[in-house]
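Please model the complete structure; the sequences and the hints are all you need to start from.
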Amino acid sequence: MSTYAYDKDYLASKGMETVELKDAEGNSRVLVSPALQGRVMTSTTDADEGTSYGWINYKFIESGVASTSFNPFGGEERFWIGPEGGPNSWYFAPGKEQVFENWTVPAGIDTEPFEIVSHTGSEVSFRHAMHWTNASGHKFDIDVRRTVALVGRKDLSELLGVNLPAGAKVLGYKTVNTLTNSGNSAWDKTTGMPSVWLLGSFNPTPTTTVFIPYNKDFQGRTINDEYFGKVPADRLKVGDDGIIYFRIDGKCRSKIGLPKGSAKDICGSYDSAAHVLNILKYTLPEGDVDYVNGQWGHQDNPYGGDVINSYNDGPNDTGSIMGPFYEIETSSPGAALSRGESLTHTQYTIHIEASEEILADIVAKVFGADLGKISGMF
1 MSTYAYDKDY LASKGMETVE LKDAEGNSRV LVSPALQGRV MTSTTDADEG TSYGWINYKF
61 IESGVASTSF NPFGGEERFW IGPEGGPNSW YFAPGKEQVF ENWTVPAGID TEPFEIVSHT
121 GSEVSFRHAM HWTNASGHKF DIDVRRTVAL VGRKDLSELL GVNLPAGAKV LGYKTVNTLT
181 NSGNSAWDKT TGMPSVWLLG SFNPTPTTTV FIPYNKDFQG RTINDEYFGK VPADRLKVGD
241 DGIIYFRIDG KCRSKIGLPK GSAKDICGSY DSAAHVLNIL KYTLPEGDVD YVNGQWGHQD
301 NPYGGDVINS YNDGPNDTGS IMGPFYEIET SSPGAALSRG ESLTHTQYTI HIEASEEILA
361 DIVAKVFGAD LGKISGMF
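Start counting the sequence shown at 1; every next residue gets the next number (our numbering).
Incorrect hints may have been included.
Stated by the list, open to error - Capping the alpha-carbon separation at 20 Å, the derived lysine to aspartate or glutamate pairs in DMTMM-like fashion look like this:
id, residue 1, residue 2
1, K8, E25
2, K264, D290
3, K264, E286
4, K264, D370
5, K189, D300
6, K96, D300
As the list claims (entries may be wrong) - Between beta-carbon pairs, the in silico distance windows are:
id, residue 1, residue 2, range
7, G26, V238, 41 to 47 Å
8, A273, M322, 19 to 25 Å
9, I321, A24, 38 to 44 Å
10, E341, V99, 30 to 36 Å
Calculated directly from the structure, the hints in this document are not laboratory data.
Just so you know, even glycine gets a beta-carbon here, dropped at the ideal spot from N, CA and C.
See below:
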């Protein structure tokens, strides 16, 4: 991981305009790109010389070559819309086989900028209008609103239900993401329903583990571990302690997901060498809601999708690799909306650098988990 100042200067040197959010002391900082859909490129707890937490794809940026399918700039949290695959996909044209050579990220979440609506020192809001057709040929008019805002230590302590001591370097921000049906037709299961899909890209290390609490009382499928073939047993453990452990080293392309009922509203990752704890907390509505299925190709259940996912990068079938990086992703339910109605998905991203003793106490209180077990699992 580089310093925050390095990444900020690097993006500026490549002509990439950013908006910087700061707290009153100037230590917590978040770097946001309007040109990349209000994307959080990176953040830090400790001003310019602090750790830069987001993964930035220097290799792609240095190439200077634009892609017609996907421009992978990286970034700590990017806004996408689901589902990725299946009959209601946004990433495949109607009638096209859902294979990699036909996969295209829509311009509205790849190359089109978001308009800044308001901007203060610690918050920025965007909007964008999208007019899309899904793989079933249904047309959608979607109004997007997105806000990125720093969250203070006191509010983070209340959110997590734990004291964040002075000895810990802490950064937190939230994104509030709203889809509004601005067309004339209702969105439902027959037309397909868009969902908010947030993807956070971070730097993998041999000492990083993603850990995700799950509902032990859930009677259905606990986890989907077959996105790119079954995850090897030495990289994934479903603990009887209610925690799923996923090895993150950027050396094995693999992905996991938890469906509604199994997922809780929080997850984490921990780098035991750097003593960095990352926490994601997000909107998880109760009741009769449906999550879209993002897997490519034929689907028996287009609304049996996952709430939260994690991805570990690694060589693909050709031996090439995009990163390496790792991702933690969260999704809203599918937006079943009539004209003028809206759906909002909110996510908090929190970074904490501290001693192992402090972090162990936080993990125990927030997750009911053992930091030593997380560190030693792989």
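Taking the hints in turn, this is what the structure says about them:
1. K8 <-> E25: 19 Å, holds
2. K264 <-> D290: 15 Å, holds
3. K264 <-> E286: 11 Å, holds
4. K264 <-> D370: Distance ~18 Å between K264 and D370 Cα, so the pair holds.
5. K189 <-> D300: 14 Å, holds
6. K96 <-> D300: Within the cut-off at roughly 18 Å; holds.
7. G26 <-> V238: 41 to 47 Å: 42 Å, holds
8. A273 <-> M322: 19 to 25 Å: For A273 and M322 the Cβ distance comes to about 24 Å; the hint holds.
9. I321 <-> A24: 38 to 44 Å: 41 Å, holds
10. E341 <-> V99: 30 to 36 Å: The hinted range 30 to 36 Å holds for E341 and V99, with Cβ atoms some 35 Å apart.
This entry satisfies every hint, going by the numbered hints stated previously.
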